[in-house]
Amino acid sequence: MKTRPLLSETMAAHGVSRRTFMKYCATLASVMALPPALAPRIAQALERARRPSVIWLSFQECTGCTESITRSHAPTIEEMIFNTISLDYQDTLQAAAGHQAEAARHQAMKENYGKYLVVVEGSIPVANPAYSCFAGRSNLDVLKETAAGAAAIVTVGTCAAYGGIPHAMPNPTGARAVSDIITDKPIINVPGCPPIPVVMTGVLAHFLTFGVPELDDLGRPKAFYGDVIHDRCYRRPFYDKGLFAETFDDEGARAGWCLYKLGCKGPTTHSVCATVKWNGGVSFPIQSGHPCLGCTQPDFWDGGGFYKPLSVPTGDYRALAAGGVGVGAVVGAAGALVGRGVKAEAARKHETVDAHDLEKPS
Amino acid sequence: MNPAFTLFMWARGPAFDVALAIFAAGITLRLVEMVVLGRKTDLAPAKGHPIRQGLATIFTRSIPRPGLVRFAPGTYLGGYVFHLGFFAAFLLFAPHIALIRDALGLSWPAANRAIVESATALAVVAAIILFFSRVMDPVRRALTGFEDYLVLLLSVLPLVTGYVAANKLFGNPEMMLAVHVLSVDALLIVFPFTKLMHSVSFVFSRYYNGAIQGRKGAES
Ligand code: SF4
Numbered sequence: 001m002k003t004r005p006l007l008s009e010t011m012a013a014h015g016v017s018r019r020t021f022m023k024y025c026a027t028l029a030s031v032m033a034l035p036p037a038l039a040p041r042i043a044q045a046l047e048r049a050r051r052p053s054v055i056w057l058s059f060q061e062c063t064g065c066t067e068s069i070t071r072s073h074a075p076t077i078e079e080m081i082f083n084t085i086s087l088d089y090q091d092t093l094q095a096a097a098g099h100q101a102e103a104a105r106h107q108a109m110k111e112n113y114g115k116y117l118v119v120v121e122g123s124i125p126v127a128n129p130a131y132s133c134f135a136g137r138s139n140l141d142v143l144k145e146t147a148a149g150a151a152a153i154v155t156v157g158t159c160a161a162y163g164g165i166p167h168a169m170p171n172p173t174g175a176r177a178v179s180d181i182i183t184d185k186p187i188i189n190v191p192g193c194p195p196i197p198v199v200m201t202g203v204l205a206h207f208l209t210f211g212v213p214e215l216d217d218l219g220r221p222k223a224f225y226g227d228v229i230h231d232r233c234y235r236r237p238f239y240d241k242g243l244f245a246e247t248f249d250d251e252g253a254r255a256g257w258c259l260y261k262l263g264c265k266g267p268t269t270h271s272v273c274a275t276v277k278w279n280g281g282v283s284f285p286i287q288s289g290h291p292c293l294g295c296t297q298p299d300f301w302d303g304g305g306f307y308k309p310l311s312v313p314t315g316d317y318r319a320l321a322a323g324g325v326g327v328g329a330v331v332g333a334a335g336a337l338v339g340r341g342v343k344a345e346a347a348r349k350h351e352t353v354d355a356h357d358l359e360k361p362s
Numbered sequence: 001m002n003p004a005f006t007l008f009m010w011a012r013g014p015a016f017d018v019a020l021a022i023f024a025a026g027i028t029l030r031l032v033e034m035v036v037l038g039r040k041t042d043l044a045p046a047k048g049h050p051i052r053q054g055l056a057t058i059f060t061r062s063i064p065r066p067g068l069v070r071f072a073p074g075t076y077l078g079g080y081v082f083h084l085g086f087f088a089a090f091l092l093f094a095p096h097i098a099l100i101r102d103a104l105g106l107s108w109p110a111a112n113r114a115i116v117e118s119a120t121a122l123a124v125v126a127a128i129i130l131f132f133s134r135v136m137d138p139v140r141r142a143l144t145g146f147e148d149y150l151v152l153l154l155s156v157l158p159l160v161t162g163y164v165a166a167n168k169l170f171g172n173p174e175m176m177l178a179v180h181v182l183s184v185d186a187l188l189i190v191f192p193f194t195k196l197m198h199s200v201s202f203v204f205s206r207y208y209n210g211a212i213q214g215r216k217g218a219e220s
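Same order as they appear, the protein sequences are chains X and D. So in our numbering the end of the first sequence lands on 362, straight run, no missing numbers. So in our numbering the end of the second sequence lands on 220, straight run, no missing numbers.
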């Protein structure tokens, strides 16, 4: 195995000052919800870490996650961390293609067997593997082969974590999440469509410094996915006061009121969007006036509609209720008529009895 | 993949559809039955004003008779607080208004959280008082059957589960919402076939009571 430079060496080569680096570690500590006292430990661990080999597999995806991370406003400290890992295989970013690229992957696997990190972007078509292949090999094969020697797997984006849009009904490719296929390796899910860049790098930093972070029951690091957006949303006071935008251009929308009635999924969506925000902390969807789509949640595409409030039923309930009224009216009328018939019949059969009848011997 | 989400989508999807269809069919069935069965025509000349008194009784029965509140305060005050609290929580909470707007196109302003949550809490406390007033009193205990306890429980569950969901008291928010919606689905299904039907049929029973007494020239 070739000797990999330490992170500190690479940083020095990139002209990153110690001060900037310490600031970054403090930010990471706060983003990961760790006590600030741990920042020097993060720094220490990061400085000592050898550039880990990362194999980035792109399956059924739109490349939005790669875009999100690489197009974050440059040059970010996140990008710096990206430069400090050894991205040995990333078929979107690397120059090599086809068999040449495959050779690079095999070499990275061989050199770092048992130690490399696999990042997966995109879901895996299982019903018909031909939907997504590279170098003539199915995603399923490549995933299984690459995962075998991995120290851990990080799924980037909702497609890799939970199937995402390819998995949306009716799921024509039989798309599956990584965790449906690989069950014997630690998997850290970093969902989002796409995930926030700093969350991605924060997870990598956590992995480098403290190992696999504490995960929730959907495999997401609790530090980034512990709270729902609704509990951190700056529009929350309007929700609590009962003030809502009813349309996208009414007074309420202009006044920045809560977007619940426009379909906001913030109350059930776990993410740090409202606190870390996007584009270097500039804004996030709700701040720009659009309800949260719930993109860090499994099957968010099948949640009944992006603009349907969470409290609104998803089925064709009006038609069914109308049918119910019709059936009820017919059955009710029939029942009542039968009742009347029984009553009339009883009246008809009723024999009057008088005192003389009672005297008669029976 | 995410059982909480699947359950929530089932609760607000197919389960709600079926529950609402049963609710609509059941209520219509019972209303039509009441109207078609009707009542026997009373051929005796009326001494009072049956129709007027029947209509008036629909409303006057909402006001307790003098002395009765002091006689059974738990039942009366508990009853008022439960009904008002339940309807305030149901009709003034924004997510419910969003649902009504989707279903009927009607909308009104929502109340703030303090009002909705206080109404919910008061309604739950009232329901507990009503429960104890049934259990403690030997006569009422003897008159109370399984259906009464079931109905009381099913009417309180949406309030409790709604409070839990709105405040995210236990773990997964999707699961809490799923449980809340399921409790409403259950309430919708049993509604037409239990004493919960009183919330519709009270109009008929009060009218008939009033009209019968009105015909006799008696008070109602
Ligand atoms: S905009 Fe969405 S997340 Fe924010 S308070 Fe309203 S419902 Fe919650």
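One thing to keep in mind: the hints can contain errors.
[Unchecked claim] Where chain X lies over chain D, by a calculated footprint (3+ residues, C-beta under 8 Å):
no.	segment
1	9 to 23
2	45 to 52
3	82 to 96
4	128 to 135
5	169 to 181
6	207 to 213
[To be verified] Straight-line Cα separation of at most 30 Å, DSBU-like style, residue types lysine-lysine; simulated pairs:
no.	chain 1	residue 1	chain 2	residue 2
7	D	195	X	343
8	D	47	X	343
9	D	168	X	277
10	D	168	X	222
11	D	216	X	343
12	D	40	X	241
13	X	343	D	40
14	D	40	X	349
[As the list claims (entries may be wrong)] Part of the chain D face toward chain X, derived, beta carbon under 7 Å:
no.	residue
15	5
16	41
17	55
18	58
19	157
Just so you know, these hints were derived from the structure itself, not from any lab. Beta carbons are placed, not taken as given, at the ideal position from N, Cα and C, and that holds for glycine.
**Report entry** Those earlier numbered hints the structure runs against, lowest number first
**Finding:** 2, 4, 6, 12, 16, 17, 18 and 19
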